[in-house]
Amino acid sequence: MLTLENVSAGYGSFQVLFGVSLEVKAGESVAVIGPNGAGKTTLLRVISKLIDATAGEIRMEGRSLNAVPAHEVIGLGIAQVPENRRLFPRLSIEDNLKMGAYLPAARARFAERLEMVFALFPRMKERHAQLAGTLSGGEQQMCAIGRALMSGPKLLLLDEPSAGLAPVVVQAIFEVVRKMSAEGYTVLIVEQNVRQVLKVVNRAYLLETGRIKSSGSAAELLNSSEIRKAYLGI
Amino acid sequence: MDIFDVFLLEAVLNGLLLGGILALLALGLNLIFGVIDVVWICYAEMIMIGMYAVYYLHNVYHLPLWFAFAGAIAIVAVGGAALHHLVIRPVLAAEPINQLLVTGGVLFFLQAGATLVFGVEFRNVGIRLPQLQVGEMYLSMARLIAFGVALAAMIGMSVFLKRSYLGTAIRAISQDRRIMPLMGVDPNRIFLVTSALGGALAGVAACLLVLQYDIHPAIGLSFGPITFLICVLGGLGNMMGGFIAAFIFAQFISVGGFFLHVEWGYVLAFLFFIAVMFWRPQGILGGK
Ligand SMILES: Nc1ncnc2c1ncn2[C@@H]1O[C@H](COP(=O)(O)OP(=O)(O)OP(=O)(O)O)[C@@H](O)[C@H]1O
Ligand SMILES: [Mg+2]
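These protein sequences, in sequence, are chains A and B. For the first sequence, our numbering gives the first residue as 1, with consecutive numbering after it. For the second sequence, our numbering gives the first residue as 1, with consecutive numbering after it.
Check the hints yourself; a few may be wrong.
What the hints assert, rightly or not - Output of the computed footprint for chain A on chain B, the stretches with three or more beta carbons under 8 angstroms from beta carbons of chain A:
1. 119-125
2. 170-177
What the hints assert, rightly or not - To spell it out: a stretch of chain A is covered by chain B in this simulated footprint if at least three of its residues, at any positions, have a beta carbon under 8 angstroms from a beta carbon of chain B; those stretches are:
3. 42-48
4. 65-75
5. 83-94
Honestly, the hints are just simulated from the structure, not real lab data. C-beta atoms are modelled at their ideal positions from N, C-alpha and C, and glycine is treated no differently.
Start from the sequences and build out the full structure, keeping to the hints where you can.
What follows is the structure, given as structure tokens:
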């Protein structure tokens, strides 16, 4: 579904990604793990075209994204839950969800998808009129995931959904990720919580200083001594 | 004492009516600032252009008044979008002071341009609405209409911002500009639409003001400064704050003018403004 071929990117003259290649197949859930500053967020930004790749090619369902402006990416079925959730703090939950359904095709199915999001996160239904900025961290994450789902994406990009949340809430969020991949969503998730994320995805890539260091099935990575030492502390 | 009360009531009511149009002026400026973070120093000059548009369409080209009004609103709306595209966009990332200077430059450009093109004579569309007599009180019909239209425009704007997708995006973009593309929103388009809306509001104000004032190239100076003060008083970018501040200001002008002299009304209003700024520099309701 999504392929990256030798993608390089950065900020101005500061290069962050160096020839990254990866693939996400339809129906798969894939994780990108790696330490702080490895370039994980930059990777998702370049897929969503928030920044341009300086080299290489990104393709969604065979179509090159290189010339696609950022605001058209979601129309191709790629929705992102950005780092730190980035809700609109002074809009209600429902208005945040409405923003997720901004595209004309999504507007037509707003009511139906709202029900779907409310079924997934009953808490969002209870609090639909509350300002997003007043929600707890976990609730904000649910709202942010809900907002991305409102566009009816084929591919969901998640940037550290578990960051800064209490352990119980982390569990709940990963449960949602697991449920979504079980329901057939294609997911690309960036995480530092390696142990947890490898339990819910099919495959993973290890990104270090902007380069893919290794990749494999979740089970392979869980058992690799490199990952066990550096990321699982075993 | 009875008579005195009636005149006071008249002043209060006229103040209320004046408040309506001031609130409309503040709404446009607050909308632009709230969304784009740029103050259109030349806002009142956009209104001046709208007033000339009404005059030329109606009095020179003899088109029906309603058409002249619609035309003026459209012209200023397009002008607002053009202002954004040609002047604001290139300095969006610049320091606020540069943005102020640029729109300040447009103020002088429009004023000087209007003087060259339209001349310095005072123009008038020649519509004089009667005073409305209610009991022993006289209320300005033009102000009553302005009040009604301003109120309707504000309610319409608020419903639009609350209910529509575009309106929701306009509220959202002021809270997080950079992630808007993730929602499928082109921020540039929202800015253009907002600028056109701000222009359209200035156009509506122009239509209401031609009923009460003569048109000349410097007419903007009569409302520009007071509109800024109202916006700052209410909290720059805060539409509700601007609304409330407009009515407070109008009462100072109207009731202050009733007890003393009209000019004193303005003096009191400005003194009040300065006092509030000491007490709450962020404005009555705080910034956006
Ligand atoms: N907007 C930006 N401008 C300049 N440099 C940036 C910007 N965003 C990130 N960087 C730099 O790019 C590098 C990679 O950052 P990135 O956010 O992609 O890392 P990350 O893997 O997501 O880290 P984390 O796990 O802490 O979120 C870092 O050195 C960071 O300082
Ligand atoms: Mg990151």
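Which numbered hints does this structure break?
Those not satisfied are hints 1, 3.
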